[in-house]
Amino acid sequence: MSAVADSRKKVLDAIRRATGPATAGSAERNSVSTAGKGAEVHLDVASDYVRQGKMTASARQERFVERLREYDAEVVECEPEGLAAAIAAQLAASGRRRFVAPPGIPAEWYVDAAWKIEGFECTLDHGLTTEEIEQAEGVVTACFCGVADSGTIVLHHGPAEGRRVITLLPDWHLCVVHRSQVVETLPEYFDRCANRDQRSENRDQGAEALPKLVTWISGPSATADIEMTRIKGVHGPRFLNVILVRD
Amino acid sequence: MSAAADRVVNHPILDPALAPPFPVAALPVLRNPQLRKNVAHAIDVIQAKRARLVEEKTDWQELRTAAAAIKDETLQNLGAYLEQFEERCTAAGGHVHWAADAAEARRIILELLREEKADEVIKIKTMTSAEIQLNPFLEAAGVRAYETDLAEIILQLGNGEPSHIVVPALHVNRAQVREIFARTMGIENLSDDPKALTAAARNYLRQKFLDVPTAISGANFLVAETGGVTIVESEGNGRMCLTLPRTMITLAGIEKVVPRFADLEVMLQLLARSATGERMNPYTSLWTGVVPGDGPQNFHVVLLDNGRSSILGRKTERQTLRCIRCAACMNTCPVYRQTGGHAYGSVYPGPIGAILTPQLEQLRHAQSLPFASSLCGACYEVCPVKINIPEILIDLRARVTDQERHTLGKFFDPMYVGLRVANVIFSRAWLFHFAQWAGRIGAKLVTRRDGWIHSLPSVGGKWTQTRDLRGLPKQTFHEWFKDRERGNEGTREQESEGAR
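Taken in sequence, the protein lines are chains A and B. The opening position of the first sequence corresponds to residue 1 in the numbering used here, with each subsequent residue numbered one higher. The opening position of the second sequence corresponds to residue 1001 in the numbering used here, with each subsequent residue numbered one higher.
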């Protein structure tokens, strides 16, 4: 055990010898960061890069759809009141029968909805085993955010987005994105995470409010490891379908 | 030669302590047209995609500047950020271990595996584990490691070595992959269509993902602010490994930390574009310690120094540690394009390898690598974190030379003898003039009638091996200038005309 503690000291001592005593400019930041309050440590980093996009809302949606399609995702749009029907249509068109969904998806997505009736088997994930999830052919989830610039869907794995495993094993992923969730740039997504902090009770502990789990999904799983030929679908879902809700 | 060449091509040595010097290791590759074709093809494809997507990004230069600044800030306060990461990761239920060198990291990982009674482990592609030669070590200790990245499977099953840090099997073509898979997976009638080959890999691994309860990964970023770990990947094998097993062990170099969660907004915009020419790679995962009910419930991070802190202490070289392992430098490098990755004798090839490997080895090995460059600067231009690789190459060349010329074996080396003599001559004007006079007489002996020197004796032969040298003019500049002041302008021109 002492060998382990020695290594820690050895590595940190070597680092401190190399970085030297804090220089005048960074002394303040150093002392703050040593105190472990990382959120306040930052930084005179130049941030001249684009934070806020300049697109109109409709151009932003268009860009989002276009970029998703470029990465072989399928996208349909629908009105809020037509969502349950749109989900049903997607499930029917998928040619699959057995689905899973997170326990927190909104009731109006499926209570009395067509796809409940049409003989699809949909299990809510109240602690399903890996084997049970592996049996499912598809999964339906919500998301935290969509990023137009890169055609990315972000999951924070909340109650409506589900545990990570349910969007991983099934071969077909249907994700519902509301227009209001779509931002133009990646920094805008990070701003949304930060805004959440300000609304939350413990504002002084920003790190606590940041997401513990995030999966950024940009198109279905893919590889280009053989002669740089892009092949869709390796281990993750081979199909990514998106319903964009006009709200 | 050809038998030796075959050996090197088939079993390249990627241990810097054992690998031959770069010019020797490069020869067999240069004589293997198939290998060169595979490498050139792969690089052309990546380069074309990357160029298009970087062009599209209007704030590319600003992002590079910001990324370099974030990394510099991190490195300046590395100790504090690592401690912060440790504190937050531990608070979130993870366990943090520190390893001063490769042997320690291997031992820590094996102990963790023993605690789990693991005899199998699934792995997400990690160059850091290749750096510490983890797989052979685990194999010897009775733990079977399964690589899960497609390229890594190709190499593992085909007994090959990585030649690139992002697409490690880019030197292997589809016919070769087909042969490896058909033989090792026992599939007859396997086609060489990449689609079929990918499907074969999926089937081969599916049950492993579901059954093996322990996984090993590297890390792309560690977030000090939250204690989170980020992995950037394409295939979903990463998500499998970090979601399904009971126990997860992450091996990360100490330089992988970034201060804040929001710093990822810069890094993630740069990494995929720069590495594979995608706006964003299919899957990026971030997890923080242990999350009840979701993913591994037993999580360890091993922080690896292994020479990194020694790089940190040098002003010019410190920027080496900004590297986010995108491989853009090797994709653009005219030397890498010709030699591929194996010639570098390290798991880190290309320009970044040429500066990183000798430094990680603290210049005890891999001294030939800083010279494996034309210093054209293309690597610096594409680097998303603005590492001035040519500057570091030159600095390392000086250090290697300084180290070498003081060793006993090099005392009588013709180059160093020559340089010592030159040092004496160049510091005394009369000696210099005498040497010029003597040199012109000597040069006459080797200058042919056409005014050119076609071959020089001794070490000079290395220069004339591939090029001719113009003969010396009859007058030195000094002599010509003196003549000119005496009013004999034009003598030199006439004479040199005559010499031609």
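Simulated from the structure, these hints should not be mistaken for lab results. Each hint should be verified, as a subset may be incorrect.
[Unchecked claim] To give an idea of the chain A side of the interface with chain B (calculated C-beta under 10 Å), a few residues:
| no. | residue |
| --- | --- |
| 1 | Val76 |
| 2 | Leu186 |
| 3 | Gly233 |
[As the list claims (entries may be wrong)] Once the Cα atoms are required to be at most 20 Å apart in a straight line, the calculated EDC-like pairs of lysine to aspartate or glutamate come out as:
| no. | chain 1 | residue 1 | chain 2 | residue 2 |
| --- | --- | --- | --- | --- |
| 4 | B | Lys1057 | A | Glu132 |
| 5 | A | Lys54 | B | Glu1056 |
| 6 | A | Lys9 | B | Glu1083 |
Fair warning: this is a prediction, and the values are worked out from it, not measured in the lab. Using N, Cα and C, we set each Cβ at its ideal position, and we do this for glycine too.
Hints and how they fare:
1. Val76: violated (21 Å)
2. Leu186: holds (5 Å)
3. Gly233: holds (8 Å)
4. B:Lys1057 with A:Glu132: At roughly 43 Å apart (the allowed maximum being 20 Å), A:Glu132 and B:Lys1057 break the hint.
5. A:Lys54 with B:Glu1056: holds (15 Å)
6. A:Lys9 with B:Glu1083: OK: A:Lys9 and B:Glu1083 at ~11 Å, within 20 Å.
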